[in-house]
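S.K.: Just so you know, the protein sequences line up as chains L and X, in that order.
According to our numbering, the stretch in the first sequence is residues 1 to 185, in order.
According to our numbering, the stretch in the second sequence is residues 1 to 185, in order.
No lab work stands behind these hints, which were simulated from the structure alone.
Beta carbons: idealized from backbone N, C-alpha and C, even for Gly.
Here are some of the chain X residues that sit facing chain L, going by a computed Cβ distance under 8 angstroms:
1. G26
2. V28
3. E33
4. Y57
5. V58
6. R62
7. V63
8. E91
9. T93
10. R97
11. P135
12. E137
13. F161
14. S162
15. T163
There are 2 protein chains.
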Amino acid sequence: MLFIMLSQNKIEDAKARAVLFYDKAGLVLTSKEKQFIEIADFGLSDLEKMGLEVLVYVNTERVCAKELVMFPWQTCPEHIHPSKNKIAGKEETFRCRWGKVYLYVSGDPNSERQLDGLDDHRKYLQVVHEVELNPGEQYTIFPDTLHWFRAGDGGAVVSEFSTRSTDEEDIFTDPRINRFTIIGK
Amino acid sequence: MLFIMLSQNKIEDAKARAVLFYDKAGLVLTSKEKQFIEIADFGLSDLEKMGLEVLVYVNTERVCAKELVMFPWQTCPEHIHPSKNKIAGKEETFRCRWGKVYLYVSGDPNSERQLDGLDDHRKYLQVVHEVELNPGEQYTIFPDTLHWFRAGDGGAVVSEFSTRSTDEEDIFTDPRINRFTIIGK
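Model the full assembly from the supplied sequences, consistent with the hints where possible.
M.R.: Structure below.
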């Protein structure tokens with residue numbers, strides 16, 4: 001597994017920038033929540049292209065709700081939430097609150113856009129059927145379903161309603177990816 | 001069980017009014033969703049005082065997300081989501097998005113406000129410990145936990161993140177209450 005470090009400065013910059021997106025979407029966060037925004041670069045150290053800014057509202061044994069910020073064309077790489085030992089994997093609904101998000105699932109390829117600017121991640125993609133989500137639109141991903149998503153050119157704010165979030169169980173199709181960001185100095 | 005009818009006109013008026021609250025909160029709904037806002041008067045035919053306006057975003061076997069509107073001082077009456085046959089009852093997190101909501105749970109009474117204007121419902125209340133929720137604040141109600149809530153004087157918009165919603169299994173402490181609104185002409 002490759003561990004690439006994201007500097008603390010870059011993390012703080014990304015958090016501050018994410019707060020501006022939540023503001024634009026009209027979503028109110030407490031001061032404490034703003035400090036707890038998580039910055040995920042999937043170990044690729046290329047946050048602008050491949051990453052997510054995440055505020056976890058709640059994550060109990062049964063329910064999770066998050067508010068995601070995606071910078072312009074930022075991508076959450078292809079992955080699956082696997083069922084395991086007869087326990088169903090994570091189920092999640094994405095609801096676009098602000099901006100535009102392109103979600104990719106299995107099905108016929110239906111857009112030329114999805115592979116632009118993905119660099120090396122492109123060759124690992126297995127699902128390229130595009131679902132465009134504008135504010136107020138949503139889509140549910142059931143367990144064991146490959147998917148990935150990226151923001152449009154203005155970025156996006158997306159609510160995620162799901163079962164318990166267990167990031168460590170996600171399986172990514174790009175073998176370079178590590179879900180956990182390692183923080184440097 | 002008492003069935004009191006809420007007229008179709010009153011329902012349409014309440015839906016239109018709820019849309020204004022979602023707008024004030026900056027939450028975007030599709031045109032179709034605006035038509036599917038549910039108006040619940042709990043069979044009391046006194047919607048302004050005792051009721052909820054509800055948009056269900058998603059309700060699968062495992063996850064539910066709703067956006068609630070409450071008119072000024074409108075109250076959702078005291079109830080519980082019971083566990084049954086070893087299956088855990090509904091768990092729900094309320095997150096205030098706009099306005100102010102007062103949530104009541106078990107504990108020492110800590111406010112003079114909670115019993116004002118509740119009329120006959122007042123005598124049935126069993127929990128009167130107040131938790132005030134302003135935008136960005138939230139609270140999780142686990143199964144088998146009595147609770148009720150009401151909006152402040154400007155009304156409120158509240159996101160609810162939960163396990164599957166099964167309204168028909170809710171148990172209300174006020175014996176006059178029927179969860180299902182009967183629509184008259």
